[in-house]
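As a plain string of letters, each chain reads:
Protein chains: 2
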Amino acid sequence: MQTAEIVAIGSELLTPTKTDTNSLWLTELLNEIGIEVKLKTIVGDDEMRLEETLRDALDRSDIVITTGGLGPTEDDITRRVTARALELKLEFREDLLEDLRERFRSFGYEMPEKNRQQAFVIEGAEVLPNPNGSAAGMMAEKGGKILAVLPGPPRESRPMFVNHVLPRLRESAGTISVRRRSIMVSGLGESKLDELIAPIYTQYSNPVTATLFSRTEVEVQLTATAPTSEKADALNAELTEQISEKLGIAVFSTNGETMEEVVGRLLKERGETLATAESCTGGLVGERITEIPGASEYFLEGVITYSNEAKTRLLGVPADLISANGAVSAQVAEAMARGARERAETDYAVSITGIAGPEGGTGEKPVGTVFVGYAGPDETMSMRFNLPGDRHLIRWRASQAALDLLRRQILKRG
Amino acid sequence: MQTAEIVAIGSELLTPTKTDTNSLWLTELLNEIGIEVKLKTIVGDDEMRLEETLRDALDRSDIVITTGGLGPTEDDITRRVTARALELKLEFREDLLEDLRERFRSFGYEMPEKNRQQAFVIEGAEVLPNPNGSAAGMMAEKGGKILAVLPGPPRESRPMFVNHVLPRLRESAGTISVRRRSIMVSGLGESKLDELIAPIYTQYSNPVTATLFSRTEVEVQLTATAPTSEKADALNAELTEQISEKLGIAVFSTNGETMEEVVGRLLKERGETLATAESCTGGLVGERITEIPGASEYFLEGVITYSNEAKTRLLGVPADLISANGAVSAQVAEAMARGARERAETDYAVSITGIAGPEGGTGEKPVGTVFVGYAGPDETMSMRFNLPGDRHLIRWRASQAALDLLRRQILKRG
Chain A
6 MQTAEIVAIG SELLTPTKTD TNSLWLTELL NEIGIEVKLK TIVGDDEMRL EETLRDALDR
66 SDIVITTGGL GPTEDDITRR VTARALELKL EFREDLLEDL RERFRSFGYE MPEKNRQQAF
126 VIEGAEVLPN PNGSAAGMMA EKGGKILAVL PGPPRESRPM FVNHVLPRLR ESAGTISVRR
186 RSIMVSGLGE SKLDELIAPI YTQYSNPVTA TLFSRTEVEV QLTATAPTSE KADALNAELT
246 EQISEKLGIA VFSTNGETME EVVGRLLKER GETLATAESC TGGLVGERIT EIPGASEYFL
306 EGVITYSNEA KTRLLGVPAD LISANGAVSA QVAEAMARGA RERAETDYAV SITGIAGPEG
366 GTGEKPVGTV FVGYAGPDET MSMRFNLPGD RHLIRWRASQ AALDLLRRQI LKRG
Chain B
6 MQTAEIVAIG SELLTPTKTD TNSLWLTELL NEIGIEVKLK TIVGDDEMRL EETLRDALDR
66 SDIVITTGGL GPTEDDITRR VTARALELKL EFREDLLEDL RERFRSFGYE MPEKNRQQAF
126 VIEGAEVLPN PNGSAAGMMA EKGGKILAVL PGPPRESRPM FVNHVLPRLR ESAGTISVRR
186 RSIMVSGLGE SKLDELIAPI YTQYSNPVTA TLFSRTEVEV QLTATAPTSE KADALNAELT
246 EQISEKLGIA VFSTNGETME EVVGRLLKER GETLATAESC TGGLVGERIT EIPGASEYFL
306 EGVITYSNEA KTRLLGVPAD LISANGAVSA QVAEAMARGA RERAETDYAV SITGIAGPEG
366 GTGEKPVGTV FVGYAGPDET MSMRFNLPGD RHLIRWRASQ AALDLLRRQI LKRG
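Quick note, the sequences are listed as chains A and B, same order. Residues in the first sequence are numbered consecutively from 6, following this note's numbering. Residues in the second sequence are numbered consecutively from 6, following this note's numbering.
Since the hints were made in silico from the structure, they are not lab data. Keep in mind the model is a prediction, meaning the values are calculated, not measured. Hints should not be assumed to be uniformly reliable.
Chain copies aren't distinguished; within one or between two, either way the pair holds.
[Said to hold, decoys possible] Under the rule of at most 20 Å between Cα atoms (straight-line distance), these lysine to any residue pairs were calculated in the SDA-like manner:
| no. | residue 1 | residue 2 |
| --- | --- | --- |
| 1 | K417 | R343 |
| 2 | K197 | G321 |
| 3 | K23 | R186 |
| 4 | K251 | G113 |
| 5 | K251 | Q336 |
| 6 | K370 | G331 |
| 7 | K251 | R318 |
| 8 | K23 | R163 |
| 9 | K417 | E41 |
| 10 | K147 | L93 |
| 11 | K23 | S187 |
| 12 | K150 | I181 |
| 13 | K23 | E224 |
Could you build the full structure based on these sequences and the hints that come with them?
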């Protein structure tokens, strides 16, 4: 299996608010043709460190990909330092200069003199055209190693990589394809999940199985390696089927769909409609549902009833039900869902009332106590959750619990 | 100025969906005490590459910080490889083993045998206690260099760094302090902004000024360097004041507050209340407002009127107003805001109706057309925006435009 290293260049990537993200899509595309990323480096506009990084990378790995530092300013050191690391010269390319001049003319400008340096390339390197910017890329080969030099903005580097670098790498990568597939699981604890599926996945060394825990859901990630992508996909499909059968309704997606996409698709397929009634999540469930294009086909309306008075006026929750049980209670969650469904005349409604914190918790109902309500054609019910995390996470987990309850109820109805 | 390198360890950080983020807060804290981060490396569970990375880093930089790879499994190679890179031995610490056993007992478990390896530390290193996990950290010094070895999860590594590593680094960092301050600007285009403030900031070489464009707002970032943090803060304060004076109401924050925090603070200070009425943003404005703890003091309710029928029933928008002007119109935006304010009996309401796409655009009202409405004690009005970007960005920008309109109107009232 061939190995790659990615070097992201630019001092702005070493500040507290920015970091390299090109390496994520680069890794995905490299993995798919069976090339493993072994190391990533983020280096500033620092010639000494960049040269050392490049020399080490070319020494250790088959493929080195750099992003950034190809602009026209003094800080843009990538051209000269990549050449130095390869022990090759830079050569001036009259045709590139003409392209640059033409590019500026087409926008109605004269080319600034400093852009002239963008016409220098490593001797013998293939020039990679950049339809989306002034910085051409380069691909050089030396001693069996490949060095691809790409600009920083993904809008420029990604098409360049896909159209010019990837085909070359595919030639030499040979006949290994690595494919990933994720089984998304909701409503099952980590240890319970592993107890159920370890007897299955431990029988396979290919795909490799990793279990990742994030926010509310569990992701069972399969990575299959095979001579073709079709064969790798087939290996993943077989194990996906076995794990899905074991876990049943707890699996909400095996094809990359998010929870809100799954719920949206189920509603659309059935021609059914939804309303929401949110208290502590403040609109998050509505926001997630309507992030999906075309949500207006099934999502009609929602209310954010933050005050008790709003719960009564907008949803018809009796004031004495609130005073008897508290706004955060099963009774109020169910009354909210029932009220939302009746007033909006939808097939379903979901509701959330809870304590997201950091204040407002009590001994009986600590921060993280959330009631999720459901109202549908056959029944109205609610579930109590004790969600861990800070305000942000509790709210996100509550929204996920509501969408998952809706998903399970729709599927239960058949 | 002392220099640092950060090494993030773990094969999961080399996959297409995960990457190191610890380095962002590490960089921020290091910068504040005048230590510059010169290089970041992300390396998998690969002993050879990790050892080479660590040796290079210790060679080049004064301070090396690693995160991750301290767990109890075979993959957790950080202990032995950091020791090797320092050419020091690992020593077994009976007291650490006892702490580990006690930790497991306190959760009602017997310590698994594999956790025993977490009781090995680099000889002579300071052990950094971990109240939030089983992996203790280490801080070693050799040849004038400092190596800090931290666990991966930020919940564990951050308090460890702040409480044990930072005080030690502050001692040796000496007398340079670097402080950043951001002036957040909304409702001004990039070129207009620069035209206004370039004559001011170009007079200063310290602080250094950078202008960053993100989503809807512009961040003018000042970085001041001085012998003490107080002096650096004073340099930033002087330039912040000059720029703020020039830009006036377009500056919404100079102290790190987000737009929703600013709006929340203004409402709280005035003892005033807010309701929202959202169409294309589907609850995003409500979600942002209620993300702030204590929002129930000023946010009473919101409605997500995705269907036209809901706009009429929940907000009293006349059906013939919608059919005459279209749901995406100034008239409907204003009627939504007026209806929300009257029904909720709040001081203010904001509303949003627009076309977030990708479908639904027309020649007259293309995708990105958004009307933001405002209703307050003195007036009801609306603004039209043509927002660039995909569905996600258009929705986010619309929510920001609504919050910014509210902010400006509140401030206008005095």
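Worksheet entry | Violated hints, by number in ascending order, as checked against the structure | 2, 4, 5, 7 and 9
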